[in-house]
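Peer 1: Taken in order, these protein sequences are the chains called A and B.
Position one of the first sequence corresponds to residue 1 (the working numbering), numbered consecutively onward.
Position one of the second sequence corresponds to residue 1 (the working numbering), numbered consecutively onward.
Honestly, I wouldn't trust all of these hints.
[As the list claims (entries may be wrong)] Listed below are the simulated DSBU-like cross-link pairs for lysine-lysine, each with C-alpha atoms no more than 35 Å apart in a straight line:
1) A/Lys223 to B/Lys61
2) A/Lys128 to B/Lys384
3) A/Lys227 to B/Lys61
4) A/Lys193 to A/Lys85
5) A/Lys34 to A/Lys134
[To be verified] To be clear about the criterion: a stretch of chain A counts as covered by chain B if any three or more of its residues have a C-beta under 8 Å from a C-beta of chain B, and this derived list gives those stretches:
6) 152-160
7) 181-188
Derived by calculation from the structure, the hints in this document are not laboratory data.
Cβ coordinates follow ideal geometry from the N, Cα and C atoms, glycine included.
As a plain string of letters, each chain reads:
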Amino acid sequence: MGKKFAWLLSLVAAMVLVPGAVAITPSWSYEAAKITKGNFAIHTACVMPASGKLTRIGMKGQEGMSKESEEWGNALENLVEAHLKNANVQLLPATSAGTSSASADEIQQVVLQLEEKYKGLAAQINRKPKDIGKSRFTLGDDVALLPCAAKADVLVFVEADGQVTTGGKKAMSLLVGGAIPYASLVLTMADAKTGEIVAFARMSNAENFGEKFVDRSDEVFGKALDKQFGKLRLGTYQKAKP
Amino acid sequence: MTKRKLCAFAVCLAVAGIVALAGRSCGAQEPGKEAAAFKFTTIDNQVLDEAKMVDDVYQHKGLVMHDADLQAYLDMVGKRVLGTRAIPENVNFQFRVLRDPMVQAFALPNGSVYVTTGLLGLLQNEAQLAGVLGHETAHVFERHGYLENRSVRKKMLTINILQIAAGAVPVGPNVGAAVSAFGAAVNLGAAASSVILVASVFGYSREMEHEADNDGLIAMTAAGYDPAEMARSFELLKEDSHLEFEPFVTFYHDHPKLEDRQAFAADYATKHAGEKLESGDALLYEGKVAPAVCVEIDSDMQSRRARTALARATRLTSQFPDSLRYLTLEADAYRALGPRTAEPTEEEKTHHGQSEHRKEYFKMTEQEEQARLLQKPEGQEALKASRDKAEVLYKQVLTVDPKFTSALRGLGFLYEDETRYGEAAAEYKAYLDLEAGTSMDHLRIERRLAALQKQGDAAASSGSAVKN
Numbered sequence: 001m002g003k004k005f006a007w008l009l010s011l012v013a014a015m016v017l018v019p020g021a022v023a024i025t026p027s028w029s030y031e032a033a034k035i036t037k038g039n040f041a042i043h044t045a046c047v048m049p050a051s052g053k054l055t056r057i058g059m060k061g062q063e064g065m066s067k068e069s070e071e072w073g074n075a076l077e078n079l080v081e082a083h084l085k086n087a088n089v090q091l092l093p094a095t096s097a098g099t100s101s102a103s104a105d106e107i108q109q110v111v112l113q114l115e116e117k118y119k120g121l122a123a124q125i126n127r128k129p130k131d132i133g134k135s136r137f138t139l140g141d142d143v144a145l146l147p148c149a150a151k152a153d154v155l156v157f158v159e160a161d162g163q164v165t166t167g168g169k170k171a172m173s174l175l176v177g178g179a180i181p182y183a184s185l186v187l188t189m190a191d192a193k194t195g196e197i198v199a200f201a202r203m204s205n206a207e208n209f210g211e212k213f214v215d216r217s218d219e220v221f222g223k224a225l226d227k228q229f230g231k232l233r234l235g236t237y238q239k240a241k242p
Numbered sequence: 001m002t003k004r005k006l007c008a009f010a011v012c013l014a015v016a017g018i019v020a021l022a023g024r025s026c027g028a029q030e031p032g033k034e035a036a037a038f039k040f041t042t043i044d045n046q047v048l049d050e051a052k053m054v055d056d057v058y059q060h061k062g063l064v065m066h067d068a069d070l071q072a073y074l075d076m077v078g079k080r081v082l083g084t085r086a087i088p089e090n091v092n093f094q095f096r097v098l099r100d101p102m103v104q105a106f107a108l109p110n111g112s113v114y115v116t117t118g119l120l121g122l123l124q125n126e127a128q129l130a131g132v133l134g135h136e137t138a139h140v141f142e143r144h145g146y147l148e149n150r151s152v153r154k155k156m157l158t159i160n161i162l163q164i165a166a167g168a169v170p171v172g173p174n175v176g177a178a179v180s181a182f183g184a185a186v187n188l189g190a191a192a193s194s195v196i197l198v199a200s201v202f203g204y205s206r207e208m209e210h211e212a213d214n215d216g217l218i219a220m221t222a223a224g225y226d227p228a229e230m231a232r233s234f235e236l237l238k239e240d241s242h243l244e245f246e247p248f249v250t251f252y253h254d255h256p257k258l259e260d261r262q263a264f265a266a267d268y269a270t271k272h273a274g275e276k277l278e279s280g281d282a283l284l285y286e287g288k289v290a291p292a293v294c295v296e297i298d299s300d301m302q303s304r305r306a307r308t309a310l311a312r313a314t315r316l317t318s319q320f321p322d323s324l325r326y327l328t329l330e331a332d333a334y335r336a337l338g339p340r341t342a343e344p345t346e347e348e349k350t351h352h353g354q355s356e357h358r359k360e361y362f363k364m365t366e367q368e369e370q371a372r373l374l375q376k377p378e379g380q381e382a383l384k385a386s387r388d389k390a391e392v393l394y395k396q397v398l399t400v401d402p403k404f405t406s407a408l409r410g411l412g413f414l415y416e417d418e419t420r421y422g423e424a425a426a427e428y429k430a431y432l433d434l435e436a437g438t439s440m441d442h443l444r445i446e447r448r449l450a451a452l453q454k455q456g457d458a459a460a461s462s463g464s465a466v467k468n
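Based on the provided sequences and hints, a complete structural model is requested.
Peer 2: Below, the structure is given as structure tokens:
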């Protein structure tokens, strides 16, 4: 009984101490064959407005974090853009009219339309992301409705969700399991000409963020982003490859 | 389980039961009375802030429709339903149209009432819209948002205590993926606030919904609208729900049962049968909401709901048979229908058929689903019928106005789908000649035309003619 208790105690201690000590962000990505074979170069990207969803879980249920979610979404969009720039990828604003005569409202509606289409496809992509390699998923050539698609190689969708737990819930989770804090970032890239989904990267971190999602975005996801961009051979990363 | 563990479990269960009973005793009070003596707490103020934030997010993301004529109409019906009732504290009634194909309406506790384009497309007259607004404003008057939030928090605490006691993680149907794949706008609100999730997707408690129906009926009748139209709108919901697969059951259909709500409204209407009440001019309603219905048709086609798109477009063209825009939309909807039939087949209506469709919806992409349907002769027949109808409609439009660009483009798409590449290229060229080089669709059509020409060149160089 004593040994069993000691083992349990050390496990609980590890659960409490380890997440606070290290910030490891495992990441995975899947690419279309044309990327892995080096037939598709990504030098210009059009980053779609990011969506961030944060939830606070307490003993009395779920609470919305609308303001924080909005800020986090913006912070992650800036972060992805900064890392794309570092990789020497030229950025084109998704909401720019370019040479078209489209109004801001018209562009916003196209953005919504593409996001809706992407969300419809996301269920299948999440189910079998490996199938990106088989060119299974496409948004269709509707992507060309977005003025920035004229000059971009890819459209980049940025989605993030995270969860914070209150003290009570954290204690309860330690006892019986359940909600744990996490932050997850998903990047999906669609060919700006055909709409084919060419890359999908997921980064997750189960560290306890407290409420500091916005401040620590780069610390948590920065390295993972660079790793994935390298794997996708974006911009300068591509040039570095023989 | 040892005796000691069983004892501990029983004690925890008893504690949880006491908490649950405490929660129930609070919820058992008449909501109306509770609402009248409503005092704002810190938690309620948080909900109020969240509601404001949800309003801002909808505006910021461009999900609120801005059409001056439609907005004026909605405001007019909303004001009529509100009547001369005193507006509660911290409420500012605002009626808005949300771009979302989901058939849905909801009210935030701050008085923002949202009606989706999907719902406007389903309803058939002003009185039905008044019924919806009456129901939603009742939730605000009765403070249901705040009361439900308080109740959910109590229930969650109970659940958590039970969870500790049992050492079990609750397992429930994971609707997250379904909700996000369908009804993006409402989902956005749900993501922002748990209150919106409960209210808009799953509904309030049975008692609160019943109370809102009751108050809504009283409000619409007082405003001079026929309450029988509320019963009719429930009937429309029921009829409409068989058209498409629904990833999850919304409160309109199950909370409380639609049949019970319809019967309640019909019973109320019978008691007021002798009174001089109106349904409103159906044609006027259709005309006012038409811009929202057009948005809905486009959204439906984007979100694998071609049957609904076709049903809405057909209704528009039956009311306005001379509108080239609506005829083109109907043709587009037929094209989007592909190998599916306009109405669900007998097989699709069976339990097995619905279960198969559910699996397909999450497993297959739209293209894969269409390819599977085309493996059967019925699918091929349906595809031919849809394409024939689309072609007839596009040509009907172009006979009246040969320069109607969206019909030229649609016909080009249709011909390309049918591998009639030469004809498709001709339609695309005509479209590009007429449309300004700066139009949003220019690039897409240019790319399609270039691909067709490249294909034609390749075929010519290999000695084979392009199939026409």
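Peer 1: Look at each hint and say if it fits the structure.
Peer 2: Now for the hints, and whether the structure bears them out:
| no. | hint | in the structure |
| --- | --- | --- |
| 1 | A/Lys223 to B/Lys61 | 30 Å, holds |
| 2 | A/Lys128 to B/Lys384 | 32 Å, holds |
| 3 | A/Lys227 to B/Lys61 | 31 Å, holds |
| 4 | A/Lys193 to A/Lys85 | 21 Å, holds |
| 5 | A/Lys34 to A/Lys134 | 10 Å, holds |
| 6 | 152-160 | violated (count 0) |
| 7 | 181-188 | violated (count 0) |
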